[in-house]
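Undergrad: Could you slot chains B, C and D onto chain A? The hints should help.
Protein chains: 4
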Amino acid sequence: MDYVVDPTGHTADELAGRFGATVVDADTVFADPDVSAIVIASAAPTHTLLIGRAIEAGKGVFCEKPIGLGVHNVRETAKQIDRASLPFQLGFNRRFDPHFVALKARIDADEIGRPELIVLTSRDPQPPPISYIKECGGIIRETTIHDIDVARWLTGEEPNAVYASGAGLTSDAIRAEGELDTVAITLQMPSGAIIVINNSWRVVYGYDQRIEVLGSKGMLSVANRPRNLVSAWSSDGIRKETPDPFFAERYAESYVEEIHCFLRHLASGSMMSPSATDGLKALEVAEAAHESLITKREVRVAYDV
Amino acid sequence: MDYVVDPTGHTADELAGRFGATVVDADTVFADPDVSAIVIASAAPTHTLLIGRAIEAGKGVFCEKPIGLGVHNVRETAKQIDRASLPFQLGFNRRFDPHFVALKARIDADEIGRPELIVLTSRDPQPPPISYIKECGGIIRETTIHDIDVARWLTGEEPNAVYASGAGLTSDAIRAEGELDTVAITLQMPSGAIIVINNSWRVVYGYDQRIEVLGSKGMLSVANRPRNLVSAWSSDGIRKETPDPFFAERYAESYVEEIHCFLRHLASGSMMSPSATDGLKALEVAEAAHESLITKREVRVAYDV
Amino acid sequence: MDYVVDPTGHTADELAGRFGATVVDADTVFADPDVSAIVIASAAPTHTLLIGRAIEAGKGVFCEKPIGLGVHNVRETAKQIDRASLPFQLGFNRRFDPHFVALKARIDADEIGRPELIVLTSRDPQPPPISYIKECGGIIRETTIHDIDVARWLTGEEPNAVYASGAGLTSDAIRAEGELDTVAITLQMPSGAIIVINNSWRVVYGYDQRIEVLGSKGMLSVANRPRNLVSAWSSDGIRKETPDPFFAERYAESYVEEIHCFLRHLASGSMMSPSATDGLKALEVAEAAHESLITKREVRVAYDV
Amino acid sequence: MDYVVDPTGHTADELAGRFGATVVDADTVFADPDVSAIVIASAAPTHTLLIGRAIEAGKGVFCEKPIGLGVHNVRETAKQIDRASLPFQLGFNRRFDPHFVALKARIDADEIGRPELIVLTSRDPQPPPISYIKECGGIIRETTIHDIDVARWLTGEEPNAVYASGAGLTSDAIRAEGELDTVAITLQMPSGAIIVINNSWRVVYGYDQRIEVLGSKGMLSVANRPRNLVSAWSSDGIRKETPDPFFAERYAESYVEEIHCFLRHLASGSMMSPSATDGLKALEVAEAAHESLITKREVRVAYDV
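Protein chains in written order, with the working numbering: chain A, 1 to 305; chain B, 1001 to 1305; chain C, 2001 to 2305; chain D, 3001 to 3305.
So that you can see chain A by itself, here it is in the shape it has in the complex (with noise of 0.2 Å):
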């Protein structure tokens, strides 16, 4: 049996419809045996009340970034979630976009050499409510936390040090509240290669998700892809399409494997990647990062090991 449950009662119905499933409440999930896994996709203070439970009953769980706000709570979180040696695989959706793969692989491959400077640009069209900024801890832990999750997806490395700057520019509500939408952030990785992060949550021109990793022997990039392939010839230039608008397009296909993947790896009993392990150094990363952004220093980063 497929459960879909909503508190908020809004999508729960037309989803559970098209896919032949019955909208319960999360007692009934949590009770029922015959469920082995759930997929939490709910607001991210929920996360760890959640994973908590289905440790409890004894389910598998995918749990969509982040495991949770507050690294205390996350690093409580993680080693229950290791205690419990149950299948958890966390959403964080790129690692699984074929374009970022395959730069991986090739990288993988050593075509480039070993890694030397790598430039993560991700930009948002437009910033979330303010509401939702205060409740997400802001937009180092929204946004560049998929970015550093990217960088020591593609390094295999655990940075060791992070300066971080940003203003903000958007909005009076913004700066009012003493949030950000724009930022860069610099990593420094044991190898020594420094990984130079910029995010934005204004650009008019849709979705920018690129990356560049320059190494010893040449550089990989991956570009936007545009919505469709038409160029325009004017007297004003040669115009091609803007990138797609936003993650739903964008990232389509990853959120597809990353599900998939979890399919696979629950039937398979293998190990699942990316891990409670692999959201907990995000964050801690991530925290060290607010951290430079009030003390203006580099920051080393303190891993619970």
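Any given hint could turn out to be false.
Said to hold, decoys possible - Counterexamples of contact, computed for chain B against chain A with all Cβ distances above 10 Å:
{"no.": "1", "residue": "THR1022"}
{"no.": "2", "residue": "VAL1024"}
{"no.": "3", "residue": "HIS1099"}
{"no.": "4", "residue": "ALA1102"}
{"no.": "5", "residue": "GLU1111"}
{"no.": "6", "residue": "SER1131"}
{"no.": "7", "residue": "ALA1173"}
{"no.": "8", "residue": "MET1219"}
{"no.": "9", "residue": "SER1231"}
{"no.": "10", "residue": "TRP1233"}
{"no.": "11", "residue": "LEU1293"}
{"no.": "12", "residue": "ALA1302"}
Claimed, not checked - Dumping the calculated DSBU-like pairs for lysine-lysine here, alpha-carbon to alpha-carbon at most 30 Å:
{"no.": "13", "chain 1": "B", "residue 1": "LYS1217", "chain 2": "D", "residue 2": "LYS3217"}
{"no.": "14", "chain 1": "C", "residue 1": "LYS2079", "chain 2": "C", "residue 2": "LYS2217"}
{"no.": "15", "chain 1": "A", "residue 1": "LYS134", "chain 2": "A", "residue 2": "LYS296"}
{"no.": "16", "chain 1": "C", "residue 1": "LYS2296", "chain 2": "B", "residue 2": "LYS1296"}
{"no.": "17", "chain 1": "A", "residue 1": "LYS134", "chain 2": "D", "residue 2": "LYS3217"}
{"no.": "18", "chain 1": "C", "residue 1": "LYS2217", "chain 2": "B", "residue 2": "LYS1217"}
{"no.": "19", "chain 1": "C", "residue 1": "LYS2296", "chain 2": "A", "residue 2": "LYS217"}
{"no.": "20", "chain 1": "D", "residue 1": "LYS3079", "chain 2": "D", "residue 2": "LYS3134"}
{"no.": "21", "chain 1": "A", "residue 1": "LYS217", "chain 2": "D", "residue 2": "LYS3134"}
{"no.": "22", "chain 1": "B", "residue 1": "LYS1134", "chain 2": "C", "residue 2": "LYS2134"}
{"no.": "23", "chain 1": "A", "residue 1": "LYS217", "chain 2": "A", "residue 2": "LYS134"}
{"no.": "24", "chain 1": "D", "residue 1": "LYS3296", "chain 2": "A", "residue 2": "LYS296"}
{"no.": "25", "chain 1": "B", "residue 1": "LYS1296", "chain 2": "B", "residue 2": "LYS1134"}
{"no.": "26", "chain 1": "B", "residue 1": "LYS1134", "chain 2": "B", "residue 2": "LYS1079"}
{"no.": "27", "chain 1": "D", "residue 1": "LYS3079", "chain 2": "D", "residue 2": "LYS3059"}
{"no.": "28", "chain 1": "B", "residue 1": "LYS1104", "chain 2": "B", "residue 2": "LYS1079"}
{"no.": "29", "chain 1": "B", "residue 1": "LYS1059", "chain 2": "B", "residue 2": "LYS1079"}
These are computed hints drawn from the structure, not numbers from a lab.
Cβ coordinates follow ideal geometry from the N, Cα and C atoms, glycine included.
TA: Okay, now just chains B, C and D, sitting in the frame of chain A:
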């Protein structure tokens, strides 16, 4: 009840299994009053026969191009379809490609004024087997016919005259049989617009499907789509990926969309397109192109009106 | 002593001033025994006469294309040049463009195997005045002849047969005079290679000069050059600059290089290229294309051998 | 009289020969009352001395960057130049690159609103010899200083604070000397704009010089220029040429233009730019970046006002 029919038997079971259909023979399908429509994807020589049986049985038809081999044969079948007033859609899939659809919408919106010069590039990675080439009637009836349909569809015009030139360059077998693998066709349209089609059956860099439409106010073009978004920057240059390998990948969306369109029109009873007439007219142009190859003249297209 | 001659008198003084030359009449030039060579850049109808006088006077000649108007006239002059054994170079400037030179070097190095299908796109921003069109003999003799020369140069082959199709679309004057502004020409080469040339005299996006050469092992192409390297990313798309506006910008380097080449060969006494024969053969193909327009047939090229 | 001075004597004769100048010693130049201006292109440690002598002799100066080594030294010289009111232009050549000039004009015309996030990528094919690295003061004073100048020029702002991070990755010699070849620098501007500079001295694909300026209304970017316009389409992908190999090719036009600009301003008596103050301020930011490397903090820039 959904049926799958396959006299050669190879893949019917697998296909039926995937969609919960039943493998039967053709007689069963035509005899079942609950069947409202059939999809013909068999070898080209069987098309007119199967269309004829569907008309007798009063069933709608989605038929892979071509309607049939031989212009007289196809004219007869097109008339039968017309008289029967049954739903009929021809598989000129390129009309459903989202990139070409976007192109046509912008031409129709007068973004570039009146089309004056159109270049259609469509090239396959390799020739089909010589037996298939003989059976399908050669590159113009097999491949160019798609471009002829695209030309008619984009301009809304019927070619006045056609000239064709070609060569057999890729194999001794093709040359020995007097077949061609490399052709250039020029269409003259009533508005004065000139359309240049070039086809090759040997391109090592993938399936090459490009369109440019030069109009009085500008140009619109459709590029190839690279397999993925990765570029490699080395001492040899900046290398993007090759285009999609062949039609199954390049036109994956159009195959889905044309069937959806057929189903929607079947349900609504609205007019279908591309129609049998579209199939006939494209063939009439292709036949004129063949005549041009032999007479080495421009050939005025003889439409059956 | 360097001389400038200009019977229309407009710019001779300025030009002479810039280079420390003296403005004189043509007789002075031909009479001066210290003059070793002349550059003919006057109106086309004067070319054969001036070449004749240069031959009499024993002077080398760099002559802007065409050698002259009228194929009989040009044949005669080409023979005179041959008999005189004087240095002669024709201004087919595209052979000196560094991009096209790089293309040819790579074809010659067998990077793509044997050329099988070549597409030459050369389009001007706007038509010349109707008076000039009449004088120059029309778009094929004025514009296409450059592409014919490029085709001969790139392949090292002489076209067997040619077909031309065209329309007058850009002005009533052009139509009224039976002139063309939009043409497509197909050349059949002895190797079986097919060459498709398309020309237009109305492109709003700048001077469009592109080449693609598809060979048995791959393709080489030459793109347009944007006016500058700036791109604009807006909600309308990603916009690159238009190509160079016209030939003076696009082929600036080739005009310099062809004169340097002439001077080097003049000094060394080595053979010059493009030769009078190159000019004659390109014209013979252009004349065959004109005949094709009238007869609506493929025309076999009549070379004077 | 034009003079060439070269104490190392290597190329003075050839250069003088090409331009009809005379090779002399420096004293002769400074003593000649007919000399109105000098161009200093000697080794960096000699710049301030030569500027001092030019000021004494009342001559205008075009000086290759930097003004000198050591911020105190440069401050002193900049003050001397100011007091002397003599023509002085510094060789920040990038301000004269036509592509960057077009970029700046479009920013100034408010095409993209207020700049919010700028990414400056400037990477060299290989490091200079270790002896030169020691002499020039390292990658930040040698290479990054150009990007700092571009940042100031494009925004019209003076950086408030700077953070730098770097590594020595390309050779044991560089590591042994504590030098860097890979750096990322973040500049915070008074408007809130963030500027991210990344430099490397090891890129196998040529000289990489790119700019992106994200503003509130869009983005403008400047791409690399390929060596030529040829692309190769093979089973390995679609390959464009590498960028210009190094600065002499990429900035050829800017070197010419900056000297023309100097001569025009010399003739007209108008204000020169980039000025000694531009040189000083860029150096002050570079020095702050160096301090940041050591203190591992954001450093507020100490301008001498």
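Undergrad: None of the hints should be skipped; say for each whether it holds.
TA: Hint by hint, here is what the structure shows:
1. THR1022: Check passes; 22 Å lies beyond 10 Å.
2. VAL1024: VAL1024 of chain B is indeed farther than 10 Å from all Cβ atoms of chain A, at 27 Å.
3. HIS1099: violated (4 Å)
4. ALA1102: violated (5 Å)
5. GLU1111: GLU1111 of chain B is in fact no farther than 10 Å from some Cβ atom of chain A, at 7 Å.
6. SER1131: For SER1131 of chain B, whose nearest Cβ neighbour in chain A is about 34 Å away, the distance exceeds 10 Å, so it holds.
7. ALA1173: The assertion about ALA1173 of chain B holds, with a minimum of 35 Å to chain A.
8. MET1219: The claim is violated: MET1219 of chain B sits with its nearest Cβ about 4 Å from chain A, within 10 Å.
9. SER1231: violated (5 Å)
10. TRP1233: violated (4 Å)
11. LEU1293: holds (32 Å)
12. ALA1302: Nearest chain A Cβ is 35 Å from ALA1302 of chain B, so the label holds.
13. B:LYS1217 - D:LYS3217: Roughly 27 Å between the alpha carbons, so the hint for LYS1217 of chain B and LYS3217 of chain D holds.
14. C:LYS2079 - C:LYS2217: violated (40 Å)
15. A:LYS134 - A:LYS296: holds (22 Å)
16. C:LYS2296 - B:LYS1296: Status holds; Cα separation ~9 Å.
17. A:LYS134 - D:LYS3217: holds (25 Å)
18. C:LYS2217 - B:LYS1217: Not OK: LYS2217 of chain C and LYS1217 of chain B at ~37 Å, beyond 30 Å, violated.
19. C:LYS2296 - A:LYS217: Violated, because 57 Å separates the two Cα atoms, which is more than 30 Å.
20. D:LYS3079 - D:LYS3134: Answer holds: LYS3079 of chain D to LYS3134 of chain D is near 27 Å, not above 30 Å.
21. A:LYS217 - D:LYS3134: holds (25 Å)
22. B:LYS1134 - C:LYS2134: violated (49 Å)
23. A:LYS217 - A:LYS134: violated (43 Å)
24. D:LYS3296 - A:LYS296: Given that 30 Å is the threshold and the Cα spacing comes to 9 Å, the pair holds.
25. B:LYS1296 - B:LYS1134: Judged against 30 Å, a Cα distance of about 22 Å means the pair holds.
26. B:LYS1134 - B:LYS1079: Roughly 27 Å between the alpha carbons, so the hint for LYS1134 of chain B and LYS1079 of chain B holds.
27. D:LYS3079 - D:LYS3059: holds (16 Å)
28. B:LYS1104 - B:LYS1079: holds (29 Å)
29. B:LYS1059 - B:LYS1079: The given pair, whose Cα atoms are some 16 Å apart, holds under the 30 Å limit.
The structure is inconsistent with the numbered hints 3, 4, 5, 8, 9, 10, 14, 18, 19, 22 and 23, although it conforms to all the rest.
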